[in-house]
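Q: Here's the letter readout for the chains.
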Amino acid sequence: MIPVLLIFIPLLAGLAAFFFRNEKAARSWALLSTILVLGVSLAGLTICNQLSSLEHQSSWMSLLGSSFSVKLDGMGQLLCLLTAIGFPVILLSTWHTNFARAGSFFGLLLLSQAGLMGVFLSMDALLFYFFWELALIPVYFLCSQWGGPRRIPVTFKFFIYTFIGSLLMLIGIIYVYSQTSNASFAIADFYKATLSATDQDWLFLVFFLAFAIKMPIFPFHTWQPDAYEESPTTVTMILSGIMVKMGVFGLLRWLLPLVPYASYQRGDNVMTLAIAGMIYASLIAIRQNDLKRLVAYSSIAHIGLMGAAVFSINEMAIQGVMIQMFSHGINIIGMWIVVEIIERNYGTRKISELGGLAQKSTSDGDIIPGSCFCQHRFTTHERVYW
Amino acid sequence: MSNILTLAYLVPLFPLIGFLVNGLLRKQLNKPLIGIIGSGSILASFIVSLLIFLQVKNGASDVITYFNFISVGDFSIPFAFQIDQLSSIFLLIITGVGFLIHVYSTSYMHEEKTEHFGRYFAYLNLFVFSMLLLVMGANYVIMFIGWEGVGLCSYLLIGFWFKKPEYNKAANKAFIMNRIGDLAFLIAIFWIIGKVNSVGYTEVLAAAQATGDAQVFSAFDLTGITILLFIGATGKSAQIPLYTWLPDAMAGPTPVSALIHAATMVTAGIYMIARSNILYTLSPLTLDIITWIGLATALLAATIALKQNDIKKVLAYSTVSQLGYMFLALGTGAYVAAVFHVMTHAFFKALLFLGSGSVIHAMGGEQDIRKMGGLSKHMKVTNFTFLIGCLAIAGIPGLSGFFSKDEILANAFIKSPVIYGIGLFTALLTAFYMFRLYATTFLGKFRGTHEQEHHLHESPAAITIPLIVLAVLSVVGGYVGIPAFIKEGAHSLNSFLSPVVAESNTILGEHHISHSTEWMLAGISTVLIIIVVIFAWTKFSKRPDTEEATGFGKVLADKWYVDELYEKIIVNPLEKLGGFFNRVMETSVIDGLVNGVGRLVNYGSRQLRLIQSGQVGNYVLLMVLSMLLIFAIQFFLRK
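Line by line, the protein sequences give chains F and B. Quick note: the first sequence uses the numbering used here, first residue 1, plus one each step. Quick note: the second sequence uses the numbering used here, first residue 1001, plus one each step.
If you are wondering where the hints come from, they were derived from the structure by calculation, not from laboratory data. Just so you know, not all the hints are guaranteed correct.
Computed spacing ranges between beta-carbons, pair by pair [stated by the list, open to error]:
id	chain 1	residue 1	chain 2	residue 2	range
1	F	LEU31	B	LEU1024	41 to 47 angstroms
2	B	VAL1589	F	TYR264	38 to 44 angstroms
3	B	ILE1465	F	GLU343	38 to 44 angstroms
4	B	SER1071	F	GLY39	54 to 60 angstroms
5	F	CYS48	B	ASN1003	40 to 46 angstroms
6	B	PRO1573	F	VAL4	55 to 61 angstroms
Built from N, CA and C at the ideal position, the CB exists for glycine as well.
With the hints as constraints, model all of the structure from the sequences given.
A: Below, the structure written as C-alpha cells:
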C-alpha cells in the first residue's frame, strides 16, 4: 500500500493542482500533498514496515507481460525518503517567490514528484521507463515556461540530451525483454535474461549513456550548468537534489545487475572518465563567478565521485554511494537555499559583487560555511571505494 | 572506587554541550553567562580528565566501545575511545591549557558584541570537543573526524574577524593546505583498511608486528602508509612543505593562536605518529625522512623568525620551528621526548602567545614590535611571565624547555653528530630571536605614539592569572622528565609512557651514550645559549632593529619567497588550466561537438528535403529508378 500512496498522492494532487486559480491556494495544496507524502514515507520506514505493506502488484499491460509492480526496498527507501523530505523543504524555502500560473507550476512540480517516486519504486522495466519520462517531462515545461532569459535554447538542449538517453534506454529495455524466457518486463525476469558477452557490451553502452547523461558524467554534462542557471531555483533544487540521483540509482538497480559482465569489463574505463570529470569540473568550478554555476560544477564533481564509486563494484563503495546520494541531495538543496536567499536579498549571484555577507546578516553567514562544509565532509567521507 | 574510565565520554561531552548552548543561544545569553558556560564546560572536562589520569597512573588503560559507527559487510568501525597513558596526557594538556585560555578569552574578547562573543566561545568549545575526539578515538577514523573538526574550527576562528578580506584569505589558506595533508591521511586509512580490514589501533599495530606467514604489511606497505600519514601530519603540524598557512593563521584572535596554533591542534601530527609509533619504527626510511624534514623545518622557520617584526609572526615561526624539533625527536625514535616537548611547548608557547595578547591589548591592537619598547615598566606581570616564557623556550637550565630540548638533542646526537650540530645551531637561533623579541618589546625606550603610551596598562586579572599559572608550569613542567645523567630513574614521564612505546623500544634497542658525554653536550649547549641570550639582550635593548631589512635580511624577512614560489608553480597554473577548461574546453570542444551533432542532423535534413519537391514527374522517375535498382540487385545477388 505504501508505494502506491507514494506515487498516487502526488500524481492526483498534481492533476488537481492544475485547476487552482489562486496562487496561495495552489501553493498550500502542493505543500499539503508533499507533507502527506513525507508522512507516508516515514510510516513506511517505521510503523508499516512489514513486507506486505511495502509491496504492490496489479495487472497493467498483461498482454505485453508488464505489470504495475512497485516495491519499497532498502535501496529505494533512502531515495524515496530524500524525495519526500526534499519537496516540502523546497516548497517552503521558495515560499515567497511568486510564480505566474501557479496552478500549473505546482501541478507540474507534483507530477515530477510522482515520476521520481515511481522511478525509485518500479519493479518492472516498462513501468520504470514510464516514470522516468514522467519525471522528465514536467521539468522540461517548468524550465521552458518559468526559466531565465535564455530558457528556450537551454531547455531545448536539456530535453534533446536527456531524451536521446531515454530512447537509447528504451531500445535496451525492449531488447532485454525479447531475451527473457517468458516475455516479461518484471525485474526478476530481466535479471535472469541470458545475454551473451557481445549483447552485454552494447547494452551496457546504451544503458550507460542514458544514465550518464542524467547524472551527468563528464563529458555528457554540458546541458547541466546552463539548465541549473536558467531554471527557477525551485526547479534547480529538484533537478540537482533529487533528479540527478535517478541516474545513479539506475546504474545500481538496472545496469549493474543486468549486464554484470560488461560492467566489470568496462568499469575501469568509466571510473577513469568519472575521475577525470571530477578534476575537470572542480577546476572549472574554481573559475566560476556565478554562484549557481559554481554549485552546478561542484555538483558534477560530486556526481563523478558517485559514478566512480559505483563502478569500483565493491560493497563498501556502493553503500557509500547510497549514503552520499542522500547526503548530497540534502546538502545541495541547502546550498541552493543559500543561493536563493542571497539572490533575493542582494539581487545578484555574482561572487565579485558580493562580499562581507556574513556581517550583513549573520544567519546567512552561518549557513554558507555550514552547508559548504557538510558537502565537503560527506564527499571525503565516502571516498571509500577500494 | 568505580572505574572512572567508563566516564570518559563526559570529557568531550561537556565542550559539546557548551558549543550547542553558546552557539544556539548566543543572541539570548549575556556575556558573563557565555563566558561561564564556555570556560565551565572545559573546567568540567579538565576535572574528569584529571580523575582519568590518576586512574591511568595506577595502571588502568582501556578501549571503551560505545556503539557501532559504520558497518559494511564484514567491516565495521566502532565508535570507541582509547584511554591510555598517551591519550590521558594529551587530555590534561588540552583541557588544562584550554581552560586557562578560555578564562583569558573572557577578558580578551570582551569588546566584541554579545552575539560574536557567543559565536567565539561556541567555536572554541567545538574546537576543544574535536581535539578531544582526535586524541581519544580508538581508531584512525575517529581520529580523522576530530582531525577534520579541528581543521574546521581553525578555519572558523582564523576568519573570526571576517570583515577583513585578508583574514578570510588566511582562513582559506589554512583550510586548503590542511586538506592537502588530509587527503594523504585518508589514503593512508584506506590503505590500512585494504590490508587489515580494520582501523582500530590495537588491530593495526598488532598486524604491523606480525611476521612470517601471518605477515600483513610488506615493507613497501609500511613505508607507503607511514609516509602518507606523515604527509597528513605535515599539513596539520605545519612542516615543510605545508607550513606556510600557520604564520598567516595569526589573523585569528590571539587566544586562538595560543590554543589552536601553538598548544594543541598543531601537535596533532605528533600525537598521530606517537600513537602509531610501531608502524614508524618498522619503516626506517620514513623515520629518516621525518628526521630531515623536521630538522629542515626547524632551521628554516628559525631563520625566518630572525627578521619578523610582528610580535605574533615571530611566535608563529617559532612554533613551526619547535614543531620541527618534535618531528626531529620522532624521527630519531625518541617518541617520549617528542611528547615531552609537546607538553613543555604547550606551556611556554601558550604563555608567550597569551603574553603577546596582553601586550597587543595594552597597545590598542598594535602588533609591530618596532613601535613598542620599554613595556616592562608598564606591565610588570606580563613582562615577568613573558621573560620566563622566553627563558624556557631558549632552554635555560632549570626551566621546562631545557629538559625537553636537551633530550631531543641528545637523541639527535645518537643518530648523528651532524643532526645534533644543526639542531644546536637552531636552538641558538631560537634563543637569539626570542631575546630580540623580548628586548625590542619590553626593554629600551617606548617608540609608539604618546597616546598609546598614555594608555599603557597592565591587563586585568582574567588575563594575568592564566599568565602566572602558565609561567609556573613553564618552570616546573620539565621536572617530570629529569634526564638519567642527572638522576637515574627520575624521568617519570618515560616510565609513565613506557607501555605505549615498549614494542618500539625493543625493536630500536637501547642506544645509550655515556653520562659524561651527556653532561658535556648539555654543558656546551647551555653555555652557548647563555652567550647568545646575553648578546641579543644587550644588542637589542640598546639599539632595536627598526630599519627595513636589506640584502639577505630581506630574503629572511620575506620568508625565503616560499609563498611566491607556491603561487607561481601551483596556484597560477591551476587557475590557468581552470580558465582554459572553462573558456575553451566547455564551450568550444565539448559543446562544440554536441552542437555539431545537431547541426549535422539539420544539414542532412535540409539536403533530404530537396528531394521532396512536390512534382509528380520527379517522384515517378525516382520510383522507376528505384524499381530498376531493386531488380538489378535481385538479379545479380540471387545468382
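Q: Now, for every hint given, state plainly whether the structure supports it.
A: Hints, verified against the model:
1. For LEU31 of chain F and LEU1024 of chain B, the Cβ-Cβ distance of about 27 angstroms falls outside the hinted range of 41 to 47 angstroms, so the restraint is violated.
2. VAL1589 of chain B and TYR264 of chain F have their C-beta atoms about 31 angstroms apart, which leaves the hinted 38 to 44 angstroms range violated.
3. Between ILE1465 of chain B and GLU343 of chain F the Cβ separation comes to about 50 angstroms, which falls outside the hinted range of 38 to 44 angstroms.
4. A hinted range of 54 to 60 angstroms for the beta carbons of SER1071 of chain B and GLY39 of chain F is inconsistent with their spacing of about 29 angstroms.
5. At about 44 angstroms, the CB distance of CYS48 of chain F to ASN1003 of chain B agrees with the hint of 40 to 46 angstroms.
6. A hinted range of 55 to 61 angstroms holds for the C-beta pair PRO1573 of chain B and VAL4 of chain F, which are about 56 angstroms apart.
Violated hints, in rising order: 1, 2, 3 and 4; the structure is consistent with all others.
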